[in-house]
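> As a plain string of letters, each chain reads:
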Amino acid sequence: MERLNLSLPLPCLKVNRDGRIVSYSALAEDHFDLSKAHIRSLVDEGSISKLGRISSESGPVPVKMELNMKTKKNPLVLFDVYLQWDTENRATMMFVQKDRSNEELIEKLASIQIRLASTDFELLEKKDELEQVLRRMDELSGPFIPLSDTLCMIPLFGDITADKINAISDSCLQSVFRGNYEAILFDLTAVGEVHADGIDKFIMLVKTLNFMTGNVIKLIGIKPNLAKELNHHHLDHWVQFNHSLKEELSTYLHH
Amino acid sequence: MTHIEMLASCLLEGDPDKAWACIEKYSGSSKPDVYHNLMTPAMRHIGHLWESNEITVADEHLATATCDFILSKLSFGSEKKPSAGRAMFLCLDGEQHYLGLKMVDSLFREHGWDTRYFGPSLPLEYAVQTAEAWKPDVIGLSVSMVYHLPQLREYAEAFSRLPEKPAVLLGGRLADLYDLRPYCTGDTVILRDLPETETWIRHHVMGGQQSGTTEPIPSSPVFES
Ligand code: B12
Chain A
1 MERLNLSLPL PCLKVNRDGR IVSYSALAED HFDLSKAHIR SLVDEGSISK
51 LGRISSESGP VPVKMELNMK TKKNPLVLFD VYLQWDTENR ATMMFVQKDR
101 SNEELIEKLA SIQIRLASTD FELLEKKDEL EQVLRRMDEL SGPFIPLSDT
151 LCMIPLFGDI TADKINAISD SCLQSVFRGN YEAILFDLTA VGEVHADGID
201 KFIMLVKTLN FMTGNVIKLI GIKPNLAKEL NHHHLDHWVQ FNHSLKEELS
251 TYLHH
Chain B
1 MTHIEMLASC LLEGDPDKAW ACIEKYSGSS KPDVYHNLMT PAMRHIGHLW
51 ESNEITVADE HLATATCDFI LSKLSFGSEK KPSAGRAMFL CLDGEQHYLG
101 LKMVDSLFRE HGWDTRYFGP SLPLEYAVQT AEAWKPDVIG LSVSMVYHLP
151 QLREYAEAFS RLPEKPAVLL GGRLADLYDL RPYCTGDTVI LRDLPETETW
201 IRHHVMGGQQ SGTTEPIPSS PVFES
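Chains as they are written, first to last, in full-length UniProt numbering: chain A, 1 to 255; chain B, 1 to 225.
A few of these clues could be false.
[As the list claims (entries may be wrong)] Selected chain A positions facing chain B (in silico; Cβ < 10 Å):
#, residue
1, D80
2, Q84
3, L109
[What the hints assert, rightly or not] Where chain A lies over chain B, by a calculated footprint (3+ residues, C-beta under 8 Å):
#, stretch
4, 45–54
5, 154–162
Hints were generated in silico from the structure; no laboratory data involved.
C-beta: ideal position from N, C-alpha, C; glycine also.
Take these sequences, add in the hints, and give me the full structure.
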């Protein structure tokens, strides 16, 4: 391996058919670690077969190709490589590092993509927060109130939705089982709109309570829109309707 | 021209509408099928064109951006199902090859998972912080460049120290080419491609013990649906 005496403005190598480096320019020595004296040791493994194929297919006409090279500073750098065979079966190779301006553009593109992805995340996080708040609101819309040792009341506020009934069911069932109540009141005075799936869940809750405690469940404060919905469900056996809160309180608190 | 070559050329033109039309014409029915049998081979074909000196890395960038757009469009609006679990997906620090990871993220969402997709190059420190706070059941890692392999062990070890013991899945171009076991921990699950990944997801739902490519995995039934 000998050093070329020409002063060349680019790194330059001469390589034989086996890939052995026969000579190199000053800049080639600056850029690359030439200790192995073989072109293979300078080319990234993903670029080796490309170099092999393109160089073996080419002749005295120069070819240009992109290759990823290992430099002294960086294990992977993209180069434009110019290659030409001479009559002595040696390839002259010149190396031009890819323009940085390209890279800047590419980095900008990447940062825009990352921003898009993170905006997405922020939205997702906000959505998670909102869902938690909504759930909390649902839980607070059906508080459990023990009025005496034998009487408890659950007033429902707002629309009857499946989510809301799901949110209150757990704590409601637990509280009822923990006590020894003879009657359970649902106060529906503050109920707004009624969703069909909400009613289904509500009836299920009421049935569960009735089944587990054997108690009569009393629904008070039923408005006409709710009455219509409930009518479809034939609840008469195990639910009492529409006494006023006052009546109920006087029955259970004064005996 | 095959369908794969056709898609590759639409991607290289940077024409998302044409690429979208090409995908719609493809007879494969499910998203996993499109990812595995059309989009992945199209990107690999683009790699082949580069190796044949027909295109440049700049062309690959354009194709990547177009492919990314198509992927987002394909995976947008998957219906929200009850969550099968939580999974986060990331590439090793410095790794920019994220398209495969994005497909895997989409696949998990298709199966009803709650996912966080971090895309390219996520530093280990940040990955661990997120995992501690969000407590995923699965952490998926992608690696495509040989040069990034030495970091892999560090990531795998840090994840296996997490108190919740998430399953650590490893995939990416190299998983299909080399035996990556020496580069990760004993409990890392190595998955070579999307059908293997889908099989893993199905087993996971059924609560089975799994070990990735160390055992032969039957071919997936899912790619027909
Ligand atoms: C497109 C591409 C790019 C795109 C990036 C695409 C992207 N954002 O993903 C761009 C142009 C940005 C790029 C850049 C570079 N690239 Co590039 N790139 C490719 C190319 C052509 C295709 C990769 C691809 O998209 N495949 C399709 C995807 C879908 O397949 P996949 O990643 O394998 O994923 C599948 C499975 O593996 C699995 N999977 C993936 N991840 C995971 C994760 C989990 C958890 C699971 C379960 C499964 C799983 O599911 C996927 C779906 O099928 C390959 C060539 C090739 N043959 O692969 C080169 C290639 C990978 N690149 C290479 C190189 C060298 C580079 C650059 C250094 C070039 C340069 N000098 O600029 C940079 C480095 C960037 C970096 N630091 O990471 C080399 C790597 C060689 C090596 N030694 O390792 C390759 C092999 C080309 C080559 N022959 O030299 N590249």
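> Indicate, hint by hint, whether the structure satisfies it.
Results of checking the hints against the structure:
no.	hint	in the structure
1	D80	holds, 9 Å
2	Q84	violated, 15 Å
3	L109	holds, 7 Å
4	45–54	holds (count 4)
5	154–162	violated (count 0)
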